[in-house]
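Peer 1: Working from the sequences, and respecting the hints, build out all of it.
In order, the protein sequences belong to chains A and B. Position one of the first sequence corresponds to residue 61 (my numbering), numbered consecutively onward. Position one of the second sequence corresponds to residue 538 (my numbering), numbered consecutively onward.
The hints are simulated quantities; they were obtained by calculation from the structure and are not laboratory data. We put the CB at the ideal spot given by N, CA and C, even for glycine. The reader is advised that the hints may include incorrect statements.
[Stated by the list, open to error] Footprint (simulated), chain B over chain A, 3 or more residues, beta carbon under 8 Å:
no.	stretch
1	129–141
2	479–489
3	494–500
4	574–585
[Claimed, not checked] Derived lysine-lysine pairs resembling DSS-like cross-links, with alpha carbons at most 25 Å apart:
no.	chain 1	residue 1	chain 2	residue 2
5	A	LYS497	B	LYS979
6	B	LYS630	B	LYS902
7	B	LYS769	A	LYS507
8	A	LYS103	B	LYS551
9	B	LYS544	A	LYS107
10	A	LYS516	B	LYS902
11	B	LYS902	A	LYS109
12	A	LYS109	B	LYS551
13	B	LYS650	B	LYS662
14	B	LYS545	A	LYS108
15	B	LYS661	A	LYS433
16	A	LYS108	B	LYS662
17	B	LYS965	B	LYS982
18	B	LYS979	B	LYS769
19	B	LYS769	A	LYS516
20	B	LYS551	A	LYS107
21	B	LYS630	A	LYS507
22	A	LYS516	B	LYS998
23	A	LYS358	A	LYS151
24	A	LYS108	B	LYS902
25	B	LYS661	B	LYS964
26	A	LYS107	B	LYS545
[Stated by the list, open to error] To be clear about the criterion: a stretch of chain A counts as covered by chain B if any three or more of its residues have a C-beta under 8 Å from a C-beta of chain B, and this derived list gives those stretches:
no.	stretch
27	299–305
28	412–423
29	441–453
30	505–511
31	528–542
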Amino acid sequence: MNLKKYLVRALHRLQKGPGYTYKELLVWYCDNTNTHGPKRIIKEGPKKKFIWFFLTLLFASLVFWQWGILINTYLSYNVTSSLSIGFKTMKFPAVTICNANPFKYSEVKPLLKELDRLIEAALERILQPTPGNSSENVSTPLDLELWNQIPLVLIDEHDKDNPVILDIFETNQTAAGNETDMDNKTKKKYKLAVKLCSHQGSDNCTYRNFSSAAQAVTEWYILQSTSILSKVPLHERIRMGYQAEDMILACLYGAEPCNYKNFTQIYHPDHGNCYIFNWGMDEEALNSSNPGAEFGLKLILDISQQDYIPYLSSAAGARLMLHQQKSFPFLKDQGIYAMAGTETSIGVLVDELERMGYPYSDCTVNGSDVPVKNLYSQYNTSYSIQACLRSCFQNHMVQICGCGHYMFPLPEGENYCNNQDNPGWAYCYSSLRASIKQRQICIDSCKETCNDTQYKMTISMADWPSEASEDWIFHILSYERDMSTNVTLDRNGIIKLNIYFQEYNYRTISESAATTIVWLLSSLGGQFGFWMGGSVLCLIEFGEIIIDSLWITIINVISWCKGLKQRRARAELVEAHTNLGFQHEAVGAVPGAEALPPEPGTPPPNYDSLRVQPLDSLGPDSDTD
Amino acid sequence: AATAPGKKITARLKRTLPVRGPQAPTLSELMRWYCLNTNTHGCRRIVVSRGRLRRLLWIVLTLSAVGLILWQCAELLMNYYSASVSVTVQFQKLPFPAVTICNINPYKYSAMKEYLSELDKETKKALETFYGFSEGKSKVRRSVDDWNSTGSDFFEQIPLLKVEDFSRTATELHSGQKRKIEGSVFHKDSSIVNSGDSNDIIGFQLCDANNSSECALYTFSSGVNAIQEWYKLHYMNIMAQIPLETKEKLSYSAEDLLLTCFFDGLSCDKRHFTRFHHPLHGNCYTFNSGESGTILSTSTGGSEYGLQVVLYIDEADYNPFLVTSTGAKIMVHDQNEYPFIEDIGTEIETAAATSIGMHFTQSRKLSKPYSDCTETGADIPVENLYNKSYSLQICLHSCFQKAMVDSCGCAQYAQPLPAGAEYCNYKKNPNWMYCYYRLHEKFVKEQLGCQQICKDACSFKEWALTTSIAQWPSVVSEDWMLRVLSWDKGQKLNKKLNKTDLANLMVFYKDLNERFISENPANTLVILLSNFGGQLGLWMSCSVVCVIEIVEVFFIDSLSIVLRRQWQRAKKWWSGRQRGAGSAGDPEGQGQGRGHDNPACMDEDLPTFTTALRLPLPQDSPLPRTPPPNYSTLRLESAFTEQLPDTLELG
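Peer 2: Below you can see the structure in the form of structure tokens.
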């Protein structure tokens, strides 16, 4: 009962509002509101009243429609980009230098000896298919175990529908069949293919065929050597690769001399030992504040082409890449070649893209929100999309094939694939590599980084050293390296590199939000103001009116309930007394109501104070008092 | 009976919604009423302020506010068509572009012998005459006399000349005669360096066949350029007469050019290449041209997953005068794009592996009215002669070809044929060379109007290439590589391939990030209106409602007041004329009723802080009975309930 009392009292307190009926409330609102339209509705003659009513409605709906558009625009999180270009002191990029060939042939020869003999014999067979020759060449019996794990086969495509598969080291019968055909003009119909089986001797085999024998041989050799080298421990592999002091003959950064000790060694599975200048792992990254070749990095390298593994890499040169500090160099993707016997000048422009993260674009700041375990974090390098894709592939490989591929870092507790332990790995690997589904999964799960830095290079080349200077340059460089007067260098091994900033060394595209909350508010205000001259206060006014009308509803409901008992008795009184004043007004407000209300003589003054306690709500009020 | 309900309805409408004129009787009343009642802020202060200075100040302020609004809104309107740029990067599976590969030498020289022997002989002779060069006596048949057989008259028409610049005389190749040169001299090469110093300049003279005094002499600072240009001129004449099928046979086949092919880790062959005949480069082969309906895409970056081909460049079969460099030309382009390989191709060296890393950028401009670009080229009045989508280059070439056909009567050899035209050659169009050179000069100097007509395309795809070269094959792998490649080619084993006949090419995506640079409209109508609203609100707290008010008050109401005045004056004059001067009381009484104290203008919604200014109601209120006190609740009753008698007439 108490609660009800309080409620009712509060109700009356609040209800000092402008009226007791909806119409009165509306009229009061129209008259006093700050928005422009409603005022006019009640001011003018009936026709204009109608027009203004229509206009106000129209404008209100326009405002709401445009607000919808504005809020939609805001929620789409558009960005605008600004471009800045010029020269500033910038961190010199990290420069990774590798030899195109991963290991010194003189060092790995014992490991690859069998393989080389096999491929040589196979090539003999393919290229010179005379029976006498082939038997003569095999002076020592070949170890066919390696061969049988992943054999090369010839596919005879004379009969398109039913190709004949010929093993190269199979019985002489088929080989003899070969020869007669090969002498014919149709010998181009033969194709070389790599036979891959899920298990040795099983029937579940695929033939990867190649249009070119050169391609087939290279691919086969890579598969075999990968298997052999994966068993070699890491420190041994590093030893077999090129050493910094052999490879980097001279170094000059700006005016300061540097040497091979300024380079950080890293073992790269594709290219063996790679050396990174200015990686920024242990020491501060170097800055460059001047454009031009004089202030860049100048290197002289020796790639000793004579010591290349013949079947592994057919292109000769240095592989180099410019990348950000503390990032892993993915040379296969972004690396460039430098040719032996030339001076290669590389002008660098840093092309940066700075993006805003979620919700503006779907990028990641440090890769922590990517659902792929980054295997390259063991190098202490930062996240990149290439690292993510490779990690994703390696994780799949470990899951499906049970071992990791030699080219990528290993997850903990796993081993690299080799032919002995995982006989079907090559089959598994090539089917995984060709699987589009697997690639799509990786593409979908990896995200690009928000700050994308690219080094745009302007590459130019010249012959180096010139014929006139050749002799003394080779002499000095050989002397410095080996402390002997024998010239150990030649044109096929020596490379000069100049890496420097261009006159404009940066181009930064940075994003900023096209629509901020301030923009949204001012646009909303602009719209409301433009059509109706309204502001936030007008909205509050409107809210107040709604609350008022709610109160009126509540009061009406309460009084209706209260009055149910007394209704019959008081009905006439209520009709006659309370509503008269409002009725008068109401009639006046109705457009075109010509007739005046029935003359009551002098009506009672319509004071506000009189209205506070209408008769029908007298009951509860008097109770409390 | 039919009109009765209609009339009834109009009568009813008139009764319920009577048309009334403005309530204020005079213009100044109207203005005062407007100022007091308007929603804009300045006007009220003008009326309410006391003192002349203050009022003047408010007038100035209000007017300057109006001026500012107009100025700012004009600025907003003028900047409406501006664009903002957004760059998005998407990491995704990318479509591989089409890669077109051509040998630099267009046709096998051995096969072309029968067509070019005359021309070659002539060229060699010129070399010997002017420079004393001979290719070793065994090779050249030094029979100057017997060469003069068939077809030589073409070469005689446009011979190479040795010009002595100062005397303006030229020595002719065959006759050895000196003759005076007429007409203008064009130094083809001498726009930068004045070649007048050198003693013997070589060039050729082109004359208008119809009017032999119209001649142009083209000279070159170097004989190398002169010989090549002259050779090309005659070469094009000869080639224009050979039908396309024959030319395709004369050029390289796919088997000739492509030794190995590898794409995305899988082997590919000549079926993946589409032949396309280029007038200057012979047979070119486009990888992934999309003609089979599918466009290959790549989902892994890196050199292993791109296109890897080994090309066979048969250096021994090169035309020594037409091309002087060895190698291949490649171009990376979109499938819908025509490869202008002669203009923007990349050259590939032999005995080397060329690695080309690509980075994909797509750009989109906004077309009209933001910028002057074209979406499809349909709005350009130049017929697209190429069977590919529009580009600026296509438009310029088509435009030139059209001008060529119009003015010379035949088409230039390097560009496609328009309908109904044929390529120029000596036999049919003896005049075409002169005409072509003249036209080309005009084209370069932008006098043909092509550069004005052609617009750039709104969207374009760009593959930024990073090219680097490595030695290939390496010293140690050279032996087996050449042997195996020879086997691939199906050659006899004793004839091994030479490494200078081979070129290795790798084209791959450096990364799968696609940059998409697009222009977006910086303004939309919604934002423009918002800005208008902001301006109006800032300076005057105005809105569209105010604008409507202004239109209503200043145009409709003022006009009707003026009209009403005139009408009343006319009526008065008329009635005065009719009744004479005696009875004029009636209109005067009316005028009194509408006087300055008309309650219509007073009984208004005044701002609460100026209630003190409210004037007392006039004593002789026309209300017939005691009015209720003017409490705020009553104000909703319009001030203009009283109907002025004359307004009925307007309705």
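Peer 1: Determine for every hint whether it applies to the structure shown.
Peer 2: Right, here's what the structure says about each hint:
no., hint, result
1, 129–141, "holds (count 7)"
2, 479–489, "violated (count 0)"
3, 494–500, "holds (count 4)"
4, 574–585, "holds (count 5)"
5, LYS497/A <-> LYS979/B, "violated, 57 Å"
6, LYS630/B <-> LYS902/B, "holds, 24 Å"
7, LYS769/B <-> LYS507/A, "violated, 54 Å"
8, LYS103/A <-> LYS551/B, "holds, 20 Å"
9, LYS544/B <-> LYS107/A, "holds, 20 Å"
10, LYS516/A <-> LYS902/B, "holds, 24 Å"
11, LYS902/B <-> LYS109/A, "violated, 49 Å"
12, LYS109/A <-> LYS551/B, "holds, 15 Å"
13, LYS650/B <-> LYS662/B, "holds, 17 Å"
14, LYS545/B <-> LYS108/A, "holds, 23 Å"
15, LYS661/B <-> LYS433/A, "violated, 70 Å"
16, LYS108/A <-> LYS662/B, "violated, 100 Å"
17, LYS965/B <-> LYS982/B, "violated, 28 Å"
18, LYS979/B <-> LYS769/B, "holds, 20 Å"
19, LYS769/B <-> LYS516/A, "violated, 38 Å"
20, LYS551/B <-> LYS107/A, "holds, 10 Å"
21, LYS630/B <-> LYS507/A, "holds, 13 Å"
22, LYS516/A <-> LYS998/B, "holds, 18 Å"
23, LYS358/A <-> LYS151/A, "holds, 16 Å"
24, LYS108/A <-> LYS902/B, "violated, 48 Å"
25, LYS661/B <-> LYS964/B, "holds, 24 Å"
26, LYS107/A <-> LYS545/B, "holds, 19 Å"
27, 299–305, "violated (count 0)"
28, 412–423, "holds (count 4)"
29, 441–453, "holds (count 3)"
30, 505–511, "holds (count 3)"
31, 528–542, "violated (count 0)"
When held up to the earlier numbered hints, the structure conflicts with 2, 5, 7, 11, 15, 16, 17, 19, 24, 27, 31 and fits the remainder.
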